[in-house]
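> Listed below, chain by chain, are the residues.
Protein chains: 2
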Amino acid sequence: MEHNHSNNLKVKSIGIDTYRENIIYMRHDCHVCVAEGFTALTRVIVSCSGKEIIATLNVIHNSNLLEHGEAALSMEAMERLNVKEGDFIGVSHLPPVESLRSVRAKLYGQSLEPEAYQGIIRDITDSKYSNIELATFIAACSNDRLKTEEIISLTKAMIHSGQKLSWPGIVVDKHCVGGLPGNRTTPIVVSIIAAAGLTIPKTSSRAITSPAGTADTVETFTNVNLDLIAIRKVVEQEGGCMAWGGAVKLSPADDILISIERSLDLDSPAQLIASVLSKKAAAGSTHVVIDIPVGKSAKVRTMEEAVHLKDLMMSVAAAINMTLDVVFTDGQQPVGRGIGPALEALDIIAVLKGNKEAPIDLRDRSLKLAGRLLEMTGKTSSNGGYQMAFSILENGDAWKKFQAICEAQGRFSEPKMGEFKFDVTSSKGGVITRIDNRKLAKLAKLCGAPHAQGAGILFASPLYKKIIMGDLLFTLYAQSKGELEYAKEYFKLNSEAILQIV
Amino acid sequence: MEHNHSNNLKVKSIGIDTYRENIIYMRHDCHVCVAEGFTALTRVIVSCSGKEIIATLNVIHNSNLLEHGEAALSMEAMERLNVKEGDFIGVSHLPPVESLRSVRAKLYGQSLEPEAYQGIIRDITDSKYSNIELATFIAACSNDRLKTEEIISLTKAMIHSGQKLSWPGIVVDKHCVGGLPGNRTTPIVVSIIAAAGLTIPKTSSRAITSPAGTADTVETFTNVNLDLIAIRKVVEQEGGCMAWGGAVKLSPADDILISIERSLDLDSPAQLIASVLSKKAAAGSTHVVIDIPVGKSAKVRTMEEAVHLKDLMMSVAAAINMTLDVVFTDGQQPVGRGIGPALEALDIIAVLKGNKEAPIDLRDRSLKLAGRLLEMTGKTSSNGGYQMAFSILENGDAWKKFQAICEAQGRFSEPKMGEFKFDVTSSKGGVITRIDNRKLAKLAKLCGAPHAQGAGILFASPLYKKIIMGDLLFTLYAQSKGELEYAKEYFKLNSEAILQIV
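Chain order of the listed sequences is A and B.
Just so we're aligned, residue 1 is where the first sequence starts under my numbering, counting upward by one.
Just so we're aligned, residue 1 is where the second sequence starts under my numbering, counting upward by one.
Everything hinted at is true.
You can't tell identical chains apart in this list, so a pair holds if it fits in one copy or across any two.
Cut-off 27 Å, straight-line C-alpha distance, at most; resulting in silico cross-link-like pairs (DSS-like, lysine-lysine):
1) K12 to K84
2) K353 to K416
3) K356 to K465
4) K492 to K421
No lab work stands behind these hints, which were simulated from the structure alone.
Construct the entire structure; sequences and hints are all you get.
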């Protein structure tokens, strides 16, 4: 710092959640604001007991919210700085963030060296970038602006930005690029792979914009809040786990970048690859299979795009000593029948139990992915993976392993559908010609998913199905009558857009 | 909107200034948040009595700030929506902003058609872009990513985004690219040009990060808060004015983009040209001269850059039927002696009065710019501009015109320096070899500029001046003792960085 005044202010807790950006709220007539020349959006350093964070200033013009000598911080900023109401904080000017030079250089078309990516990712991890600056970095990396060597540098920088796990021997993992409602293969793949004797310490995310994340779905039948010690214990005992990734800080820069990418709806191959592969590498995975659904309303829309993405991924994986394979799957419609945490879990359990009514597409996708992993790790011949996975599922080993993992994680309980339901029937006959996955997901969210575990949609109208007037299209489930009504009304106003019957 | 629920919430005023971004604050357990699935950073439409704005959601987890059924808006959002405490607002999902497709296309390297720029600028003007999205657009336009035709499209879109003025006959204007402390030629140029019988309806901005904007300086000797009617009256009577531009909404999209560019410190020729020329065209100017200071600590660092910028500007000006010329000036050190509103005003008045101690560099720059305008408009031969401006200044016509304009704007009063002052003397002998314009500006701001009109620096140490130990380097002026002490301390700790004496 350039000077060392008594820029101390007392923290008041006002409970504002700004998602990831650190915001500090200060009075416009605050002595620190006036003396330092701070105005709205100034970037400042906030310090307390030797800890520092960078925050963006919002100025308060209302004396009710803050007294003289007080300042407030957004919730995440309080957590990051580890302060509570009544603590004293210092506020000072932010010296230039050096790595922003590299971001500008990239924007001006230059190729960056590995050290530049290390600097950028270090500063992002340390929360030194504002949302505006993060958006600029993402824009600078968009399209094909990064050479393969740069994607490798970015991936390596991300791997080293957080915690790293290590395991003895081969460690396998899977990942799906771009969400497809109901595409919840993870618990099935984990059960098959662990039953085959391989190590698969799987961590998954919760939903952010979708009606269910894998962690939300798994939580309907077992405990997912495992710390590193618990994960190690479960994996040592059973060979696999199905944990929520939030407790483990792998590739933290990626979490920050993802929040901005999502709001920009920007698909950048470089960021996508660095994001996925850095998380897997930091988790200690040696053999990884990537599922890329291809379809008009999926993230990857054409096979050309899919192949380009695969080629880049293979190059980066080779550079970080990871054995990788990519599987292309259909991305045109939901997978399985359930959309929502418990409804998706019931599909998974039906597949594992081998029930007759279990969704064939979910089982087939899971076997395909598990099969590739069995082949890649040498558990079977280069063509025998699907059959091996099939027999592990058929003979009940996967179901036994699934239950054992759940017990090791704390419990196995049956997922429960919401008690309020409504059958949506067709008002005309014809053939289903188009499904809007996005609107279907919204409908499930209006039912209450994912916060209401039993809420969502039981879908019964796959593409090209013949429909007679009065046929069941799907059933809505909710845990409250109000939410069910809300979803019904949305459907009434958007039925044609959600499902096209011609 | 897709549905029409009773998403009504009562507005509470909590006085948070987020600069330009619209923020809505809602309780995490608010029925609208829960029903609509809103989470922090969701972009929403806020409506009231037929008016709509788009805002970003911040979620409140503290029940003291908001009661059930209440929501709060950032100050500018309240103003834009024209609501006050107690009004009821509706909140609903934001449909996709269509023009963001064009931004993504631009980021992917495509050239955009004029319609695309119109769509982008219209949506920006309507506050439909978040700061993150604005940053992405700026990044997409950075470097030389826009072809000349695209810069023309962007400029035209900006011209039509706000109010437009029109005047009979020739209308002249000037603009300086990139601030240099003390480079306050505007009032001198306006006085000379109006005295020559030309029309120059000049509007200027207030300081945002500098110790004085032209409007702040002019305000120390006359009234600058003129609306369109007042501007017309003054200009009809005197041929020129010196008004603050804030009351006139010329190129409003530009104001929004500038706030983000500034915080990114991103120089994009395309944005710069569209910004400057759209403002001038919307103001009705037909003949414009641009001052580009060139120097290591100036915005334009090399002559090569300056020439490139000039060429692009000339092409765009031709396409919008504007007669333009560009003048390159020295950008290595402050202009004149004063830094701060009143101190700069005193330099201006000294030049206009023809005082012996008037700063030569400020006078010379003003004459150069006024001279080019006189030549461009055919008031004199292509080589006689400087001499003509010189004689208008020497014979007292400019000073008379200056006083008349001030009176027409409401008053002329003598600017006053701050009553607290401190002489900074050199602790060693040598030659001034480097001046850090940025740190000098900060020192002036610590003295209290621009909020304290009389605060700032009277500079006496131009580059290459020989200094003997004990010589006066500059004088600090302040309106409060505290601020003077603060500035002195900053200087003590940074003297070597501010002025290098070798």
